[in-house]
Amino acid sequence: MSRYIAKAAIRGANLIVSEAEKMLQEAIKELGPETPVVFTNTAYYLPVILGFTGIEVQTLGDLQQVIDYAKKLLHPVPGDTLWLPYLGETLDCGVATLLAEEAIEGIRFARGLQPEPIPGLQLTGTSFTSPDGNSQEEEGGFANGPIDDVQLRAWGIQLVDGRMPGFAAIVGAARSNEAAVSIVRELQQRNILVFLSGNVNGRSIIHQLMEEGVEMGYDTYIVPFGTDTISAIYALGFATRSALTFGGLSGGQARDILLYNKYRVFAFVLALGEVDDLKYATAAGALNYGFPVIADTVIPQILPTGITQYEHVISMPFDDIEGETDAEKARRLVQRCIEVRGIKVKITEVPIPVPYGSAFEGERVRRADMRIEFGGRNARAFEYLRMADFDEVEDGKITLIGPSFEDVEVGGAMNLGILVEVAGRKMQEDFEPVLERQIHYFINGASGVQHIGQRDITWIRFSKAAVEKGFQIKHLGEILYARFHADFGSIVDKVQVTLITDEELFQEWLQKAREAYQARNIRLADMTDESVDEFYSCTLCQSFAPNHVCIVSPERLGLCGAYNWLDCKASYQINPTGPNQPVPKGICLDPVYGVWQGPNEFVYQNSHGTVERVSMYSIMRDPMTACGCFECIAMVIPEANGIMVVSREDPSMTPVGMKFSTLAGIAGGGLQTPGMMGVGKYYLLSKKFISAEGGFKRVVWLSKILKETMRDELQAVCEREGVPDLLDKIADGDTATTIEELLAFLEEKGHPALTMDPIF
Amino acid sequence: MAQEKSVDKAVLEVLACCDGEVETAFDRAEQVKPCPIGADGICCRICFMGPCRLVGKVTRGVCGATRATVAARNFARAVAGGAAAHSDHGRDLALTLLAVAKGEAQGYRIRDVAKLYMVAGYLGVETEGRSVNEIALDVAEKALENFGQQQGEVTYISRAPHKRQQLWRDLGLVPRGVDREIVEIMHRTHMGVDQDAEHIMDQVLRAALGDGWGGSMLATDLSDILFGTPSPLQSQVNLGVLKEDEVNIIVHGHEPTLSEMIVAASSDPELVAYAQSKGAKGINLAGICCTANEVLMRHGIPPAGNFLSQELALATGAVEAMIVDVQCIMQALATVAQQYHTLLIATSPKAKIEGATYMEFDEHKAYDSAKEIVRAAIENYPNRKEARIPAIRENLIAGFSHEYIRYMQGGLYRGSFRPLNDAVAAGRIRGLAGVVGCNNARVTHDSGITQVIRELIRNDVLVVVTGCAATGAAKQAYLRPEFMAEAGPGLREVCEAIGVPPVLHVGSCVDNSRILTILTQCATEGGLGEDIADLPAVGICPEYMSEKALSIGTYCAASGVYVLFGVRNPVAGSEEVVRIMTEGWEAKVGGKIEFEPDIEKLIEKALAHIDAKRAALGLPAYDPTRYGESGDRLVEQLRSSLGEEQAAALYSVPELSE
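So the sequence lines, in the order shown, correspond to chains A and B.
Okay, so the first sequence: first residue is 1 according to this note's numbering, each after it adds one.
Okay, so the second sequence: first residue is 1 according to this note's numbering, each after it adds one.
Quick caveat, the hints were computed from the structure, so don't treat them as lab data.
Since the structure is predicted, the reported quantities are computational estimates derived from the model, not experimental observations.
Just so you know, not all the hints are guaranteed correct.
Stated by the list, open to error - Straight-line alpha carbon distances no greater than 20 Å define the calculated DMTMM-like cross-link-like pairs of lysine to aspartate or glutamate that follow:
1) A/Lys729 with A/Glu741
2) B/Lys605 with B/Asp623
3) A/Lys688 with A/Asp567
4) A/Lys749 with A/Glu721
5) A/Lys688 with A/Glu741
6) B/Lys33 with B/Glu13
7) A/Lys262 with B/Glu525
8) A/Lys72 with B/Asp138
9) A/Lys72 with B/Glu403
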């Protein structure tokens, strides 16, 4: 701390706590103490308050004890002479500030004033299958407000595997619009989540980015919380929930939650523009999490370390930063932020004329902004990666065979084949689909380029802006060449990319590709748990959930959906000491439940003694644990003698009276909970899906979104299981949201689970 | 004499008035020369065939005892005396706690319940579902057991770093019971028992550990439970805190049991009114010696001075009563008091003083006793004649318990020793030093203390102080946070980050146990090795005088600390014992004791040791030029110079004169 900052922060804390108290009293008087206080889509109540105090705020009345708690953390402002120590006191005042700020947002939610209206603001949605027509598009006009649990979990795997190194909580407004854009672009290129809040004299960085047409929303990693400082509390709510969701911590374990963030969540605060008392107070709260503060104005520096990993407070006056332009200065500013937080960012230089980074993965190219598309309704595109002999591959050779798109009208479509040929000593045919699947992520990283689908339903769009900057078809090859070397250098020695628009050659290779897809399908289908000697572990999430271990087998993929057996095998080849290790099956202890000696020992050791046994095929006996990034939750419904499966993307109520977000709080954190399991959605299709309890026939309720998006695959499963009309007998959010409705539905449809052996 | 008497201007001012009028220790130090043979530790008075003076060609006493045996026995008995004093202090607090728990101690209550729970945890006392008094009763009894037990281990040994505990166990140095080890020193140093200097010195280590990790640590903990764990507060120091127009009462000695009640009684409205009825504006309390530190740390009562100021306080003519209990009370006080109107009130059944008024302090009716004592002081106010109070006093911040030191480095949620360890590891803080101990009339009063502290903080060494050394530092304004300006650049950054002075007052001399706890927390926090002996830390006692100082030095050495004493070497007559305490102990327990009368050399040795420990830890070599960029200065200058273009200017560092 510095005395200057301590004074400002303590002043700010005292003020905001008394303001929160006043607002609360008024709100209780007007609305009544029973008025619900709810943040959107979270099971963690008001998460910062929950984390620090363990109080589960549900009504305005509950907030009174929070204010009382906050008041006890306040201290007097240190004097100008013979002052008393202030660091501990300021940090406590910072916590009081956070509690007050979250209470205020809670009150605003109770009054319907959150998320904050920002006219003209359009946010990109959470997920989409088509670039056109997103239902959220018509709405808008509001800041994002708190990030919901679903999004947190969806980002979970990226946060833990380092693809998303952390978040930047930006508060205020940049020196210029140019600086604002440059700052967020720099952060995006490093895949750092950007949270926006605050203003300077009424002008927020959110306004600056809107003016410059920067797309904001979950998909672009830029989340506008609101235009006041108070809304910055949502960043710390996100941080707190990371610890609760992935760290297996509970509300009230404040110290552990803060230390979890210090060591595992690489975040920092970037204060743009003048820093007032409330910003200092909020920053003092953030310091408790180990998040340093970097300001672009002159403020006192706090350089000794300890509360944070490196320096606490850095001043980098914007006008004094070297650089010709604001954009260049901003780049240096971001560079310094990253140094201070000690974020390790792996940047692959991709020689293309547009910005590149996985923050651009979610960018959409709308039809109106589109120069050309490959695939989609009016054309076809495919991508095919194959292994070749060393002498057949010329490393770095990128060829376009056929015409480019100059002659195609703006907004038009053409066929494109992407053929990637790789060679490497450690390359195996089995890795072909693993690598091929990366093409989607790699291409999407380019700003203004969008990739959807895979194999022969690939669909790529180039925006007008990207093409204006010089983006051409051959740049797809540049991207693939650079990224395959950077990310898979240990199995790939040579990469050659051929881009095919020549119609004859396109048809020829499309045919070859389809033959390869078919061969792979058959090979994958043949791969069973019995046909291999070893499974793979995945402890990638241990950076977040220290006791969780996934065992990945050919017939059971990782619960995040991102890692199947082949992925793990490839990952092991790439990094032999990494998070995916071969786990020899050893002696089979129970073929029905899927219990082997090898996985048991591995799990015991790597869960640090917390999990002794794991059944691969059972939800009831020693089920596999979960970190928190699961795609679905499977949970036993005893009354129905079956299980329900709830998707992460399903925000609706389930028959057990809890939504996904609440269920997720019980299922995560690396704890074994019989009757409950986090799973990847493709596990539903496996023959080994809870086969100990009777398999897919046990499913009595299924999120509608799963039914819809996986209908064909699920139908095949129903047929395999011998009940072809099973899917129609499974209830969903439309047909049953209570146990009574569910039972009535199952009775009426004659669901097979009702006559199966008791699940208990 | 050429030697300056003191660096304390208030002391010099009063001394000037005393000249020829009042005899003080400063005068007697000139009159009484130290016995040169005793001073070197080679006069054996243990049996009555002697005393045998082993000087010149005499290398053995009548019984054949060697210089090494004689010096070791003398040192051992001094440590036994010191350890006994601290431990008896601790025992009395345990007895007070016991009386409080039984509801038999008037006026006392348990002030820090959280600390009671923590101590209960250390002592293995069940807390679940029990009342505070039930827990306190068991804590008191467990504490008492630690003094009297004959076998096993003193409980608090288990609070040391694991590696250290193991070392002590392997070497057989773990004290079995606090009292037993002191008794065993007395036995082993009786004529014709232990006649191996190293073996005697091993027992010295063991008995001293019983003080540091037993009697003293219990004294500190039990005081905190009864009277509250200190946290920072403002106060003043030096003779100028005495007031012309109030009843001045000085508490002097060591045990907080009495002084706590005097503090309470002196603000009793009934007594304040009584004082006013006698023409005084109020009752002004001040302290001397460690009692002063106890009431300073918990109540902000100002110390009037340290050990060598005790007579001078009376010589101001402004003190109505000086209330004393035990330890470091000069017998000459009674004589000085008689020259003025001052009532010297002895209160401890253990310490009667010829010429003093004896008013026994009974903790069972503590408040009544305290009121009676204060009343006697008030009644004495009209007898005051001319007072000559020096207008010299200084501001200070005190109250750094180890609990607060943890808190101040991160607050309620993030408190730890990580920032301190980080600062040491990075080299912002070069190392840590405890500057502790007494005054000694043989050396310039407060001179060694202040010189050592000034040089250390200039070299980025964070200093903690206790006892009379703390008061000496305070008098020179070293305990003001503004004093960070005198610190090296790295230390200043840390002080400014936390808001503390570069010199932290951690309490009285029994509170040196807090330093053991601080060092343990540094060692276990990580990054600076895993034992106290690994830390770049030193203990320095520049002006030691009492046997307690030797006990403290020994338990610190036994805990792995390099301890430097000033003044002179009390075992100088035996090279063998000097070797045992230095290289012998260093090899055995990692710590050692050296005596270095030359303060400049002492500072050099301290810094060299710190740098050697840094190197052994693989830390970067100390380099003060790397730090010092943080802080408020720039911003405050900017803010004060800003005009209308404020907002724009904030984006840039203006051209400011450095």
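| Are the Cα atoms of A/Lys72 and B/Glu403 separated by 20 Å or less? | Between A/Lys72 and B/Glu403 the Cα gap is close to 19 Å, so the pair holds against 20 Å.
| query | If you draw a straight line from the CA of A/Lys749 to the CA of A/Glu721, is it 20 Å or shorter? | reply | Holds, at about 17 Å.
| Given the hint that A/Lys72 pairs with B/Asp138, does the C-alpha gap stay at or below 20 Å? | 32 Å, violated
| query | CA of B/Lys33 to CA of B/Glu13, is that 20 Å or under? | reply | Judged against 20 Å, a Cα distance of about 25 Å means the pair is violated.
| Satisfaction of hint between A/Asp567 and A/Lys688, Cα-Cα up to 20 Å | 19 Å, holds
| said: Run the distance test for A/Lys729 versus A/Glu741: straight-line Cα separation, threshold 20 Å. | reply: Distance ~13 Å between A/Lys729 and A/Glu741 Cα, so the pair holds.
| message | Given the hinted pair B/Lys605 and B/Asp623, is their Cα-Cα distance within 20 Å? | response | 18 Å, holds
| task | Below or equal to 20 Å on CA atoms is what counts here, so check A/Lys262 against B/Glu525. | result | 16 Å, holds
| Straight-line Cα separation of A/Lys688 and A/Glu741 no greater than 20 Å? | 29 Å, violated
Of the numbered hints given earlier, the model fails hints 5, 6, 8; all others are met.
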